[in-house]
Amino acid sequence: MPVSPETSYILNSFSFLIHGVLVMFMACGFAMLEAGLVRTKNVATICLKNIALYSLAGVMFWISGYNLMYLNVDGGLLGTLLPWVGDTSALQSADYVDGGGYTAHSDWFFQMVFVATTASIISGTVAERIRLWPFLLFVAVLAGVLYPIQGAWHWGGGWLAEMGFADFAGSTLVHSAGGWAALAGVMIIGARKGKYTKTGQVSPMPGSSLPLATLGTFILWFGWFGFNGGSQLALGSAADVTAMSIIYVNTNMAAAGGVLAVMVLTQIIYGKVDLSMVLNGALAGLVSITAGPDTPEIWQAILIGGVGGMIVIITVPLLDRLKLDDVVGAIPVHLCAGIWGTLAVPLTNADASFITQLTGVVSIGLFMFFGSLIVWYGIDKLFGVRVSVEEEFEGLDKMELGLEAYPEFGMGSHKI
Amino acid sequence: MPVSPETSYILNSFSFLIHGVLVMFMACGFAMLEAGLVRTKNVATICLKNIALYSLAGVMFWISGYNLMYLNVDGGLLGTLLPWVGDTSALQSADYVDGGGYTAHSDWFFQMVFVATTASIISGTVAERIRLWPFLLFVAVLAGVLYPIQGAWHWGGGWLAEMGFADFAGSTLVHSAGGWAALAGVMIIGARKGKYTKTGQVSPMPGSSLPLATLGTFILWFGWFGFNGGSQLALGSAADVTAMSIIYVNTNMAAAGGVLAVMVLTQIIYGKVDLSMVLNGALAGLVSITAGPDTPEIWQAILIGGVGGMIVIITVPLLDRLKLDDVVGAIPVHLCAGIWGTLAVPLTNADASFITQLTGVVSIGLFMFFGSLIVWYGIDKLFGVRVSVEEEFEGLDKMELGLEAYPEFGMGSHKI
Amino acid sequence: MPVSPETSYILNSFSFLIHGVLVMFMACGFAMLEAGLVRTKNVATICLKNIALYSLAGVMFWISGYNLMYLNVDGGLLGTLLPWVGDTSALQSADYVDGGGYTAHSDWFFQMVFVATTASIISGTVAERIRLWPFLLFVAVLAGVLYPIQGAWHWGGGWLAEMGFADFAGSTLVHSAGGWAALAGVMIIGARKGKYTKTGQVSPMPGSSLPLATLGTFILWFGWFGFNGGSQLALGSAADVTAMSIIYVNTNMAAAGGVLAVMVLTQIIYGKVDLSMVLNGALAGLVSITAGPDTPEIWQAILIGGVGGMIVIITVPLLDRLKLDDVVGAIPVHLCAGIWGTLAVPLTNADASFITQLTGVVSIGLFMFFGSLIVWYGIDKLFGVRVSVEEEFEGLDKMELGLEAYPEFGMGSHKI
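Residue numbers (the working numbering), protein chains in the order written: chain A, 1 to 416; chain B, 1 to 416; chain C, 1 to 416.
Since the hints were derived computationally from the structure, they do not count as laboratory data. Some hints could be false.
Going by beta-carbon spacing under 8 Å, a handful of chain A positions derived as facing chain C [claimed, not checked]:
#1 P211
#2 T214
#3 M253
#4 Q300
#5 I302
#6 L303
These figures come from a predicted structure and were not determined experimentally. Cβ atoms here follow ideal geometry from the backbone N, Cα and C, with glycine treated the same way.
All chains, full assembly: derive it from the sequences and hints.
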């Protein structure tokens, strides 16, 4: 006796909801990770940016994003520029009868939290010197226009989908897409004052709270089971839950591989294990497996994640050599490991081709990088994206928000 | 082929459990929010109060609360004063056969975490000057007597339910109920020393850690999907999961509306965006949608939440003018936005009437405010609710608990 | 109409996944709890150890742990030394047909997060003076060999299972097993310098951040619903969800009992309520109920948890008298309350016998204690487990990792 269509409908929808909630919590993970990795004087501002971008991304995805990504793409380049209106009578849809159905709102919720993730990637890279409102303007364009267009190419059923591009949960569509936007942003906004000296030295600017950064990483890891597991897009059959179980295991093991690879390598290279690098190793492992978490064996998942961690170790100093000042290491983690993960899919998935994967990576890369560059450039010319030197020195919390993240910090515990 | 009654029974019960766990985690959210918004010298005490009140509320809800709220209310004013005994043979109940059933314990668990939420609302308002045990005594009465009685009026099937009052997940029954109790408390206990000067000035007393407050807000937002989604009270049919999906989306968008409204308005009014106000804006948006998350369109949910955020901006200074010292802003968020949310239900729900909504808001308000006032007054006369001036100055952590939340704070990192 | 076998299969597997994710998040809870309870100079190191041990435990459980615990135990002492290979064609298994089935990977995932929990227990006890890599070597042996062998005795279907030993979710197999390993470790590594003076005094070394410790405790409580609830091992029938609902309620009430017992007792004994003791009371309540969360009435669950809390109050000073320096109190919480919880099962479960429970507690205790002692001793002789006196004084963060957890701590907020 199989699963009844109505039961499938419930389980498919509930999978979107519960996994979507886990992905929503990743916004908290990014906030804590970034709050831990910026300096004290910018902590409140990065918290504000994270809760604001999550809110704004959702609104923009409703206004234009969802339908631009999913409505009548039909193998093409983009959907339709219309606000989304959820069908509340989904019960009568054909999908419902054949057991593959789900509620319109559960699908929208799950897709919405993904665009918020993409936006979260950017805030860390350009932290500590970007102005609040220009940053949010970029987020609005990203969530409402840029992300949905490239998303339409694959998940919306556009030309990359027709080619057979394989990006299960978004190593490219979410993570490297966000990474390209961050890279364009950092090129427009420039490095923090004092980060690179005239003599070519790199000044370390250590984050204010490693336990907060660790908390953020654990929350992201926790949420990633929703990100990858929910991307099975269904729970209404034994085949779905079997795939979902494999995805959970591989997601976890890739993160573990990233952690262990970075630990061993930093111990060998630097003689000490670097915690913030290890945290980024976990995230790079997660990003790496995201393009294809359903096909690897466990040992392959560990290796894919481990190479992701290794990529972080290689690319973090490389970015510094290029004077690209990425405060939290989001470009190595999301862009570089995201590319790796996408290109690695054919290693374990016979249905994927390397050429098609490369086509997807390059085309989305070109679109997101240049699209973002134009938007960042326009915002900079119109409004200016960067705070003044004085504001940067004093800290964004005091200058932009007029408050302090830890007002009693350094004053003993008896102030007032 | 429909869902089998046993499958419905499983799904309905599991919805209570998994959503209840999300609501349980809101206790952690309140603890972090309040720990971030009080001053360093009172941080450990507020952590203790939060874990203690969650524990105590559960025990009291077992001893008297649940049955006072749900057993034989029959359109009346209250249920039966008896400890709750869970039926472990629920399998044979009539509910099970017709597909609407769930386990007794899953229902109890879900209702129990709601009373804990009500109690959590109060601790923040009266923080930094209330004594531990008198506070917990109030919580015991709240969870065991006050909350269940007004709860019986609507959710227990009492007179408000018969009138057609609509409060889906508790804008009034949970949030403004807790807010009224907090208001009564703050009137009895008075403002913190130095908060309001004789010349009419308001001294800002900024919270110790904005990242902790941000963490708490994100956890509350995360948990709210359980609060509102689980209040569908069933997952065993396509209609249930369709409603639940709409609820998830509207819950999220109302919070987003609260965030964005507060950001824009504080930017316009004060020239700067205030993070702690934004956090309260998110929460006010969530409280506002809680009375009716199942009927609005997305744009309506955003507006309902946005007005909730606006109410916070208006009522926070108003409370200060009245010298009502609400440390974390719980009265604006839970009481004021809770009233707004309840009165707004008829705007999107044709089955609700404004008069009935007003009747519910006023009657529950009168009962909770005066009931709480009497209990607070009695506790104050019998035991005294307020710490001494010296204890308040030195901080509750040192004086009531004999420890410090951050003992190495301000001493460099090499103490001991 | 009963649940279809395929629906059962989905629900059973999904229960493993979603509850497993909650247990995975307990790794974050342990990290925050321990980061809050160590001193500032060791905070980053304990964060690193926690993310590393979670990763490593998973890999070792794949390499040898799972099959040593579950493959062909057949009433004996241990399984088979082979890496685990997940059956991806579980759809055709006999289990699937009869409604008791689940996917191989979902089961593996759920069991894997349990071994990580066992490892997490140890890091707190030996914190602030253990070297990173020797610690991780112990974790590898624990997760790959020691834990699985004793696990095979009961959950793997070994000799204790045949005797009728009852340990539902691991008061003994997880918590006291980890506690015994921690005890052996602390005996080999010795107390922190200065903890016990020559005149017999105990120097308090208060933790750096009580809000972080509170956060960790709440996360553990939250995750414990997965730990105990998921240990029903099925969700595919009305009987399963009824049991699971009882488990959720009892888990919560035992924790509440632990909190309230510690509060009342520390108030009576010391005249003040000790927050860190209360946090451990919550955890001791949770550990106590874990051996049998499915059989007690609510009042029994509160009592079982309350006695667990009392045990913490008694054993914490006892350990100090024995100069066993357990930084976070993991031995009282996990070992002592774990023994209590296991022995208490026959009080509410007629199928359990006190003698069998004692046999399990003693045999697993002997195996884990002496097994761990040998491994700790070997690691110490080969590599040395303890940092130098200078490293301990300066802090592990600076000496082992070359960084600081809070680099701007004590410097005002304008450094750099």
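How the hints compare with the structure:
Look at P211 of chain A: its Cβ gets to within about 4 Å of chain C, closer than 8 Å, so that hint holds up. For T214 of chain A, the shortest C-beta to C-beta distance to chain C is roughly 4 Å, which falls under 8 Å, so the interface hint holds. With its C-beta approaching chain C no nearer than about 6 Å, M253 of chain A sits inside the 8 Å limit, and its interface hint holds. About 12 Å separates the beta-carbon of Q300 of chain A from the nearest beta-carbon of chain C, more than 8 Å, and the hint is not met.
Using the Cβ-Cβ criterion of 8 Å, the hint placing I302 of chain A at the interface with chain C is satisfied: the shortest such distance is roughly 7 Å. A least Cβ separation of about 11 Å between L303 of chain A and chain C goes past the 8 Å threshold, and the interface hint is therefore violated.
Figure legend: structure checked against the earlier numbered hints; hints not met, in rising order: 4, 6.
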